[in-house]
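K.L.:
Okay, here's what each chain looks like letter by letter:
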Amino acid sequence: MNSFFKYFADIFRAVKSLLTGMKVTGRYFFSPGEIVTQQYPENRKTLKMYDRFKGEVIMPHNEQNEHRCTGCGICENSCPNGSIEILQDKIDMPDGKKKRIIDKHIYHLSMCTFCGLCIKTCPSDALAWGQEFEHAVFDRAKLTKILNKPGSSIIKDIVE
Amino acid sequence: MKEVINLPVKNIEEEEYHINMGPQHPSTHGVLRLVVSLQGEIVKNLKPHCGYIHRGIEKMCEKDTYPQIIHLTDRMDYLSAHINNHAVCLLVEKALEVDVPERVKYIRTIVDELNRIASHQLWWCSFGMDMGGLTCYFYGLRDREHILDIFEESFGSRLLHSYYTPGGLMMDIHPNFQKSVKDFIKYFRRKIKDYDDILTGNIIMQERTKGIGILSKEDAISYGVTGPSGRASGFACDVRKHHPYGVYDKADFQEILGTEGDTFTRYMMRMHEMRESMKIIEQLIDNIPAGDYSAKMKAVIKLPAGEYYQRVEASRGELGVYCISDGNKTPYRMKFRSPNFSNLSALDHMSRGVKIADLVAIGGSLDYVIPDIDR
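Keeping their order, the protein sequence lines are chains A and B.
Okay, so the first sequence: first residue is 5 according to our numbering, each after it adds one.
Okay, so the second sequence: first residue is 8 according to our numbering, each after it adds one.
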C-alpha cells in the first residue's frame with residue numbers, strides 16, 4: 005500500500021516540478037518587455053559602442069593633418085606578435101642636425117590580439133582605440149593598414 | 008540457385024567496442040576526443056585524447072616579456088580570463104616584492120568574482136543544454152550579457168580583456184562601474200530564482216544526475232580534482248580561503264563543501280558559488296578605496312633568478328603558475344597547472360559503469376574548457 009502511494013506521490017511531484025519550470029517560460033512568453041535581443045544589422049545607425057571599446061588601433065590626426073607619433077618604435081617592441089612595423093625616415097633640420105620622423109606606421113589588424121600594450125607604452129600618446137568593429141573584408145591585404153595619413157606631419161610641440 | 012552467405016552475427020550486447028566521442032561533438036564543449044569502450048551502452052572505460060587545440064602557450068611565454076605573457080593567459084581558460092591574468096600578475100609582483108595599491112586589490116577581487124559568475128552562468132546554460140533543455144541556454148546567456156556589458160564599458164572587450172598588468176591595472180575603472188555592478192547584483196538575485204525553478208527542481212534533471220558519476224573524497228584528492236568539482240566531494244580546496252590573495256581575507260564568504268560527490272552535488276556547488284560570489288562583491292563594491300590604479304613599475308621587468316609559484320582559484324579549480332627565471336626579461340620556463348587537465352583525468356574513474364548518456368551529464372558537470380587542457 006505504501007509503495008502504491010509513493011508511486012502516485014512521485015508522479016505528482018514530477019508533474020509539479022515540470023509545471024514550475026513551465027511557469028517561468030510561460031511568464032516570459034506573455035511578457036514581451038523582457039526581450040533583450042538586439043536587432044543588429046538594422047540598428048547600425050543608432051548603435052553606439054562604449055567609449056573604451058577596443059575596435060582597432062588608430063592614430064588620431066588633428067585638423068591640420070598632424071599626429072603625435074615620433075617614430076620611436078616602442079610600440080613595435082612592446083607588441084607581442086609583431087602586428088606593428090615602423091618604417092623610419094630622417095629629415096634635415098634647419099640647424100644642420102638630422103631628425104628621425106615616421107615614414108610609415110604599418111598595422112596588421114589580422115594579427116592584432118587587442119592587448120593594448122602599444123597604446124599603454126606609447127610615450128607621446130600617439131595611438132588610441134578606434135570604435136570600428138566591422139572588419140570583415142574579402143581581401144586579406146586590406147587588413148594591413150598604414151596608420152599615419154599621407155602627407156601628415158608631427159605636431160610641433162612633441163618632444164621625445 | 009543463388010548461394011546464401013551466412014555472415015556471423017555479432018552480439019553487440021556482449022562484445023566490447025570502441026566509439027569516438029568528439030572531437031566534433033556538441034557536448035564535449037570543444038575539440039576533446041574521448042575514445043569510449045562500450046559494452047552495450049555501458050561505459051567500460053574511456054581514454055581522453057588531448058592536443059587538438061594545442062597552441063604551445065607555455066613555449067610562447069619563453070619568448071615574451073612578462074607584460075606580454077598576460078595576453079596569452081587570456082586564451083587558456085577564456086571563460087575566466089581575468090583570473091588567469093591575476094595569477095601571472097601575482098607571480099611577478101611576488102617575485103619583485105612589489106606592494107600593489109589597495110585599490111588595485113579591491114578592483115581585482117571584484118572583477119575576478121564577476122568573471123566567476125559569468126563563467127558559471129555559461130556553465131549553467133551549457134549544462135542545461137547537455138541535459139536537453141534549450142531554454143536554459145537562452146536564460147543563461149541573457150544574464151551573462153549584463154556582466155559582459157559591464158566588462159565592455161570598463162575594459163573595452165567582452166571575453167579576452169588583458170586588463171591586469173604586473174603591478175596594477177591597464178586603466179582605472181569606468182565611473183559607472185560601481186553603479187552597474189550593483190544594478191547587476193540586484194537583477195541577478197532575482198533571476199537566479201528562475202535558474203532553480205527551471206533546472207534545479209526539474210525532475211528529469213534530478214533523475215539523470217543524482218547518484219551518477221560519484222567521486223569520493225580520497226579519489227578527488229589523489230586525482231587533484233579542485234574547484235567546485237573537488238569541493239562537491241568534500242575536498243576543502245578553495246585557494247581563496249586557505250591561501251588568500253587580493254582582499255579575499257577581508258571578505259566574509261563560505262567555502263561550501265558537498266558530501267555526495269555525484270553530478271548533482273557538483274551542480275549545486277556552482278549554484279551556491281554564484282551566490283557566494285555575489286556576497287563577496289556586495290561587501291567590497293562600496294568600499295573601493297581611492298588611490299592609484301597601478302604601482303610604479305620599471306619599463307623593463309626583470310625577475311631575479313629563481314623559481315616562483317603562484318596559485319589562484321580559477322572558476323574551474325586551482326590554477327598554478329610556475330616560473331623559472333634566469334634574470335632576463337623573458338622567463339626561462341613557464342608552466343601552467345591548469346585545473347581542467349586534472350579534472351579531466353578523473354573522468355575515466357567517474358564514468359566507469361554508467362550509461363553513455365550519463366557520460367554527457369558527468370562531462371557537463373566537470374565543466375571543462377578544452378583550450379585550457381591543451382594550452
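If you are wondering where the hints come from, they were derived from the structure by calculation, not from laboratory data.
Don't take each hint at face value.
As the list claims (entries may be wrong) - Taking lysine-lysine and the DSS-like style, the derived pairs with C-alpha atoms no more than 30 Å apart in a straight line are:
(1) K49(A) to K101(B)
(2) K49(A) to K10(A)
(3) K103(A) to K305(B)
(4) K27(A) to K189(B)
(5) K189(B) to K20(A)
(6) K305(B) to K124(A)
(7) K66(B) to K51(B)
(8) K27(A) to K217(B)
(9) K362(B) to K124(A)
(10) K20(A) to K49(A)
(11) K362(B) to K20(A)
(12) K198(B) to K124(A)
(13) K27(A) to K193(B)
(14) K66(B) to K309(B)
K.L.:
Which numbered hints turn out to be false for this structure?
P.N.:
1, 2, 5, 7, 9, 10 and 12
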